[in-house]
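In order, the protein sequences belong to chains A and B. Each residue of the first sequence is one higher than the last, beginning at 1 in this note's numbering. Each residue of the second sequence is one higher than the last, beginning at 1001 in this note's numbering.
Just so you know, these hints were derived from the structure itself, not from any lab. Check before you lean on any hint, since a few could be wrong.
[Stated by the list, open to error] PhoX-like, lysine-lysine: derived pairs with alpha carbons at most 20 Å apart: (1) A/Lys53 <-> B/Lys1100; (2) B/Lys1038 <-> B/Lys1051; (3) B/Lys1060 <-> B/Lys1027; (4) B/Lys1100 <-> A/Lys57; (5) A/Lys70 <-> A/Lys53; (6) B/Lys1036 <-> B/Lys1068.
[Unchecked claim] Just some of the chain B residues that point at chain A, by a computed CB distance under 8 Å: (7) Ile1012; (8) Val1013; (9) Gly1016; (10) Leu1019; (11) Tyr1039; (12) Glu1041; (13) Phe1045; (14) Ala1084; (15) Gly1090; (16) Asp1092; (17) Phe1103; (18) Gly1104; (19) Thr1105; (20) Arg1108; (21) Ala1110; (22) Val1111.
Please read these numbers as outputs of a predicted model, since none were measured by experiment. Idealized CB from N, CA, C, for every residue including glycine.
The lines below spell out each chain.
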Amino acid sequence: DAGITQSPRHKVTETGTPVTLRCHQTENHRYMYWYRQDPGHGLRLIHYSYGVKDTDKGEVSDGYSVSRSKTEDFLLTLESATSSQTSVYFCAISDSGETGELFFGEGSRLTVL
Amino acid sequence: SQELEQSPQSLIVQEGKNLTINCTSSKTLYGLYWYKQKYGEGLIFLMMLQKGGEEKSHEKITAKLDEKKQQSSLHITASQPSHAGIYLCGADASESSGDKLTFGTGTRLAVRP
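All chains should be modelled from the sequences, with the hints used to inform the complete structure.
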């Protein structure tokens, strides 16, 4: 199994509070991604990173920011959580930016009340 | 943007039966990826198809990409309880996007012993 750890795995928070999800990898893969999974929408790309301090927006980036100060860590921050951000968040990594063979973490379930 | 439609949305089969899941794209598929997700877990990569007419097999799972590269099918032969889960297709958002995948909404498969 690819070494990907997401934390926290479960979190309940209130509207308006900041939330940070962490993705940690031990594979030294260059590429990292944050997806959210919602019923009826499948997986949607939020942000991705091609290297340290090299990030870009995905399909549903509004309300989210990311940071990657080290190869192994990719942080997803909700500056002010809203109920529409209740979702399951998945981190994925890849050693190639040319194929869609991604390795996924086990997900972080976030509930915003 | 590219949209992927999967059918059926859910499926219940008796152990030992064959089944097929379809993934249809609104645009030409430059790369088509099949993933499996066990309930409450992350996604696991199954197969990648890139060429029109390509077919790949892994154990009892066979995936095909049609000649026009707009539809893929996933066929499971002699289904087992271990095949249960959610199957998702993912596709390259464009010819050059490689790793930034658009996903279908998934097909939930249950296998009755």
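Tell me, which hint numbers fail for this structure? Hints 2, 3, 6, 7, 8, 9, 10, 11, 14, 20, 21, 22 contradicted; others consistent.
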